[in-house]
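**Q** Construct the complete structure from the given sequences, taking the supplied hints into account.
Chains as they are written, first to last, in the UniProt record's numbering: chain A, 1 to 627; chain B, 1 to 627.
Treat each hint with caution, since some may be false.
To be verified - Which bits of chain A does chain B cover? Going by a derived footprint, with three or more residues having C-beta under 8 Å, they are: (1) 134 to 140; (2) 212 to 224; (3) 472 to 483.
What the hints assert, rightly or not - On the chain B side, residues computed to face chain A include the following (Cβ under 8 Å): (4) Gly28; (5) His29; (6) Gln87; (7) Gly137; (8) Asn139; (9) Glu209; (10) Glu210; (11) Ile214; (12) Pro216; (13) Tyr219; (14) Tyr269; (15) Arg328; (16) Cys331; (17) Asp613; (18) Arg615.
What the hints assert, rightly or not - Simulated crosslink set (BS3-like; lysine-lysine; CA at most 30 Å straight-line): (19) B:Lys255 x B:Lys186; (20) B:Lys241 x B:Lys15; (21) A:Lys545 x B:Lys319; (22) A:Lys535 x B:Lys603; (23) A:Lys535 x B:Lys363; (24) B:Lys67 x B:Lys202; (25) A:Lys535 x B:Lys594; (26) B:Lys363 x A:Lys603; (27) B:Lys363 x A:Lys542; (28) B:Lys15 x B:Lys67; (29) B:Lys540 x B:Lys510; (30) B:Lys67 x A:Lys594; (31) A:Lys540 x B:Lys594; (32) A:Lys545 x B:Lys532; (33) B:Lys202 x B:Lys186; (34) B:Lys540 x A:Lys532; (35) A:Lys532 x B:Lys268; (36) B:Lys540 x A:Lys542; (37) B:Lys532 x A:Lys594; (38) A:Lys594 x B:Lys299; (39) B:Lys241 x B:Lys272; (40) A:Lys545 x B:Lys535.
Honestly, the hints are just simulated from the structure, not real lab data.
Model, not experiment: these values are computed from the prediction.
Glycine included, C-beta positions come from ideal geometry on N, C-alpha and C.
So the chains spell out like this:
Number of protein chains: 2
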Amino acid sequence: MHLVGVKSMTVEQLKSYHSTRYDSICPGHPEIENEGVEVTTGPLGQGVGNAVGLAMATKHLAATYNKPGIEVVNNMTWCMIGDACLQEGVGLEAVSLAGHWKLNNLCIIYDNNSITCDGTADVANTEDINEKMKATGWNVIDVFDGHSNIGAIVQALMTARSSDKPTFINIRTVIGFGSLMAGNAKTHGAALGAEDVANIKKAFGLNPEEHLVIPPEVYDFFREVADHGEQLEADWNSTIKAYTETYPELAAEFKLRVEGKMLDEWTKYIPKKEDFPTGPTASRKSAGLVGNPLCENVKNFLIGTADLTPSCNVAYNKKVDFQSPELRTACNLNGDYTGRYIHYGIREHAMGAIANGLAAFNKGTFLPITSTFFMFYIYAAPAVRMGALQGLQQIHIATHDSIGTGEDGPTHQPIALPALYRAMPNLLYIRPCDSEEVAGAFISAINAKETPTIISLSRQNLTQYPQYSSRDGVARGAYVFIEEPEFDVTLIGVGSEMGFTVQTKELLEKEHGLKARVVSFPCQRLFEQQSKEYKQSVLKPKSGKPIVAIEAYAANGWERYADASISMRRFGKSLPSATTYEYFGFQPKIMAPKISALVEEVKREGIESLRGDFRDLNGYLGIGFEH
Amino acid sequence: MHLVGVKSMTVEQLKSYHSTRYDSICPGHPEIENEGVEVTTGPLGQGVGNAVGLAMATKHLAATYNKPGIEVVNNMTWCMIGDACLQEGVGLEAVSLAGHWKLNNLCIIYDNNSITCDGTADVANTEDINEKMKATGWNVIDVFDGHSNIGAIVQALMTARSSDKPTFINIRTVIGFGSLMAGNAKTHGAALGAEDVANIKKAFGLNPEEHLVIPPEVYDFFREVADHGEQLEADWNSTIKAYTETYPELAAEFKLRVEGKMLDEWTKYIPKKEDFPTGPTASRKSAGLVGNPLCENVKNFLIGTADLTPSCNVAYNKKVDFQSPELRTACNLNGDYTGRYIHYGIREHAMGAIANGLAAFNKGTFLPITSTFFMFYIYAAPAVRMGALQGLQQIHIATHDSIGTGEDGPTHQPIALPALYRAMPNLLYIRPCDSEEVAGAFISAINAKETPTIISLSRQNLTQYPQYSSRDGVARGAYVFIEEPEFDVTLIGVGSEMGFTVQTKELLEKEHGLKARVVSFPCQRLFEQQSKEYKQSVLKPKSGKPIVAIEAYAANGWERYADASISMRRFGKSLPSATTYEYFGFQPKIMAPKISALVEEVKREGIESLRGDFRDLNGYLGIGFEH
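**A** Pasting the structure below:
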């Protein structure tokens, strides 16, 4: 960055690496916030997925906007990786997809120094990487001397540009080349010391007495690179000018994308409350009702699924698959690179990492959507986190949430995962209770320009509450669902457990003579952003009345808002949806007496008796067991 | 299970699949709790890792106990998988390791029906799986007709037994074979209906009018299988008898393993408090002091690392690597199958899944240890969860926790991850503050026979508190670290933030005239298991004095125990360890005034003023930003 003239990257900044300077732009790993950095790297293998996403973005834009003789998008994606990135599963998933999609605009430059932290890479890896990459659909080029044979590297890069497949350049290198520690694993992370740094300088013909001095001929060389870059930019501007004259409409659209803007007035596609069916509706179905017209019409959306098209309802009308056109005849597939529907296969982690690349490509050009069962966002968690850390907007459609997913059993029933996503900085985990709240979830997600959102949805049908539910309420994280002027208890209902909550309120009144308010609480993060006044108006913590959260997840996190919870204290169970809820005591007839007893206790002993004594009201009911 | 005579698996039980019966042992996916099930499956790809672990267990026991002419362990591990398992990264990581280790006692039977939920597998996968497996070190056998050519399948299984590598049998099948829906993706999950089930019965020469009837000749055939199994068991008992006569000591040890017992009195290897250095010590180093003698001497431990031997300090004295002896000459590696130190490479997820297989192999025979940076247990999270769900004891050594890991930056600094593991059922997340508490963490982990434990450790040096810290306190989750008879506030200190907590206590007294108690809180789950009386004696919530938790993670979860926290509300930052803490306001001189102000407010307005108003005392300090 310094050599090619990025202004912020001064010599002083270079010196700030690993220093105590708060304003360093030379952090331990590259960070997207800093000029010239495409994606934040560090966690191994993520970058492979990101690169696949960046290359897909280019492929898609080229297929959509290029015209014969006028290419407005034609860049390569170059990705430099080390030995570890292709040991990580996410890297392997991503290269498999790049080979499948024949992304010939992607080139991986593999720094094969055969050294990892534990010493020789052989200690854990003796596979034939070239054959593996070939089997996965890659063009493989060997460079056997990565130190002195610069010509071979240049030749390989040129060859990559004209490949019909993605290219893998396997360059043999020596870690710490020129140092006495050459080939030693310690050079990965430990400083070499002044003496050995001098050795390296000598090996490369530099003056070992000088420090952080860049010879003028190096600057001169890179000045040429910078000039060349400026020329390329000028050429591109000319291309755009010609394109604008010949294809004014496409050019206008392309310009919007370059500016990172939405291509259509998206709000008009969001259904109104009265448009939704009033009968029981699974919220994954509601998400289709809201999301599908958006995805069909607003071309920024790139919609993907980890092999759950029939379950996640993200396939929109007239969808075109993102595929290599060559596969049409070879595999009888539809689709081409203009397609915006992405079959990621059963590769949740790569889906997340690739979506980060798509979202990072000139931020705003695309708004990626991913989809799978909520439980399997635990596979994608490292990538979802990197999206949040980088401020990359995207929407994760997470269906089959809570124990209500039923028969697939405890392996498929998330209990602890919401705690991760609710705690994660810069992420919205939204769990809507009906179609209206699903609309609110999409609106909040699309308005969060630098934040990814997980919309957490039910497999099973849910009662609709048009008389109570509110998209504006979702935007505030929580809101009063059913008010009671004189109340004994506040019940917090969430997502697919709202139905049980409302029924419990009714039963409390009918059989226990107690009045319960109901609060809908789809998103803790959005609620935290509200004023103290608003928060207190929703929860009324000063009323002296207890607050009980009802959700079929671990209670962790609800202690901030409630005195007690009816929640999950063990893993789930393989039973049909309604029976699973019954098994774990979410029936109103089981919950109401427990809540009533709590109310009586508070009446007797005062609300302060609950201080420091958060109540998990859900015992094991004499059945089941705690793991 | 029914056909080979497993008594619990009655016809009634077979009918209970997808039913509402609480006592069904035919859940949606196989579950380890049920007789005859080796591991719980469901989440795709995990089983490949589990199978590699099971095969390693056998290899290791065989190398350790078999003698010329007497093989007490020589079983194969057979693993049946579908198309998806080798799309998942965890599956790919695991097969790479199996090939490296030349686990010729492992055979994967690949049900290649080329159909996934989205239709033809080609939609997302067109690689050459056979070539890929060969490049990864596997023997590949094709079976082109998996329906009628039973002989070819049998032949392949026989060939697998005599391979010098793991074997991959690629069997082409048709999903829903015999049904009108044959080859259709819908047969994966949807019921076929009575009419089409009749078609299948006809196709196989069964009476379509009969339901759940098993012909006598089928029972007869499987009775032979059962008899053969009984004969094999009798033979094995004879072998053990002969072995016991010739090698009485080894046989006694082997018998202990079969019983799932520890091979040595482990408690004697745990250092006493006075054995630890009193100077500043990184808790990852303390973990080496506690764990290394245990691992050296107690041979149940199988110790692994995801390429972080130099950082995680799990390499014990005289360690022998688990490696194929063939690699000694081929790659100049030490080690053989008797080795108990496992280099997993940079494959955290497979490490977790393989460790589950090791732990599931005749529960108790092994106690697997895994290790990597705590942040990268987010890669392993799906496997760690499966360990907890299956009740598989293991110890995950998670070093470089909290923002104190420093220069590697926000990508390496966990903020939200503890919330996941604290919420996860049947998992202990223990964060010790010094060497004595590290000893306590190991003791609790080893005593938790059906529960995995994460021990969360610092990269940086920590002040030792032998005058306050207590291994017995760790066993109770939290305990009084420094008591004050007359106090104004209780401070909760955790792990590497304990030093700041104790300093803040001192500063509160010196500069604000306030008395603070200090509670050490290494494990929320263990604390939850204590009596209400004990819990209240530690936190004194009824004292009317505020409680403040100090931890450099998201506050989520501390609301159960505290009124306020000094915690992290955004991702971290790349700075040296001490500077990172400074940047985020963990200096005592920044924290003490905030706590003092809270105490004053409570004195003024009463403790009830904090109800429903949990305080994140850590603002952004005018620097940094919230993502």
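**Q** Next step is simple, just say for each hint if it's right about the structure.
**A** Evaluated hints:
1. 134 to 140: holds (count 4)
2. 212 to 224: Per the Cβ count (0), the hint is violated.
3. 472 to 483: Per the Cβ count (0), the hint is violated.
4. Gly28: With a minimum Cβ separation of about 4 Å from chain A (threshold 8 Å), the hint on B:Gly28 holds.
5. His29: 5 Å, holds
6. Gln87: 4 Å, holds
7. Gly137: Since chain A brings a Cβ to about 6 Å from B:Gly137, closer than 8 Å, the hint holds.
8. Asn139: 14 Å, violated
9. Glu209: 28 Å, violated
10. Glu210: 25 Å, violated
11. Ile214: 24 Å, violated
12. Pro216: 31 Å, violated
13. Tyr219: 27 Å, violated
14. Tyr269: Constraint on B:Tyr269 not satisfied, violated at 25 Å.
15. Arg328: 11 Å, violated
16. Cys331: 4 Å, holds
17. Asp613: 7 Å, holds
18. Arg615: Status violated, d = 11 Å.
19. B:Lys255 x B:Lys186: Given that 30 Å is the threshold and the Cα spacing comes to 49 Å, the pair is violated.
20. B:Lys241 x B:Lys15: 42 Å, violated
21. A:Lys545 x B:Lys319: 61 Å, violated
22. A:Lys535 x B:Lys603: 24 Å, holds
23. A:Lys535 x B:Lys363: 50 Å, violated
24. B:Lys67 x B:Lys202: 52 Å, violated
25. A:Lys535 x B:Lys594: 23 Å, holds
26. B:Lys363 x A:Lys603: Not OK: B:Lys363 and A:Lys603 at ~50 Å, beyond 30 Å, violated.
27. B:Lys363 x A:Lys542: 52 Å, violated
28. B:Lys15 x B:Lys67: 46 Å, violated
29. B:Lys540 x B:Lys510: 23 Å, holds
30. B:Lys67 x A:Lys594: Not satisfied, since the Cα-Cα distance of roughly 63 Å exceeds 30 Å.
31. A:Lys540 x B:Lys594: 26 Å, holds
32. A:Lys545 x B:Lys532: 22 Å, holds
33. B:Lys202 x B:Lys186: 21 Å, holds
34. B:Lys540 x A:Lys532: 27 Å, holds
35. A:Lys532 x B:Lys268: Since the Cα atoms of A:Lys532 and B:Lys268 sit roughly 55 Å apart, the hinted pair is violated (cutoff 30 Å).
36. B:Lys540 x A:Lys542: Holds. B:Lys540 to A:Lys542 sits at ~22 Å (cutoff 30 Å).
37. B:Lys532 x A:Lys594: 19 Å, holds
38. A:Lys594 x B:Lys299: Violated - the C-alpha atoms of B:Lys299 and A:Lys594 are around 49 Å apart, more than 30 Å.
39. B:Lys241 x B:Lys272: 41 Å, violated
40. A:Lys545 x B:Lys535: The hint holds at about 24 Å.
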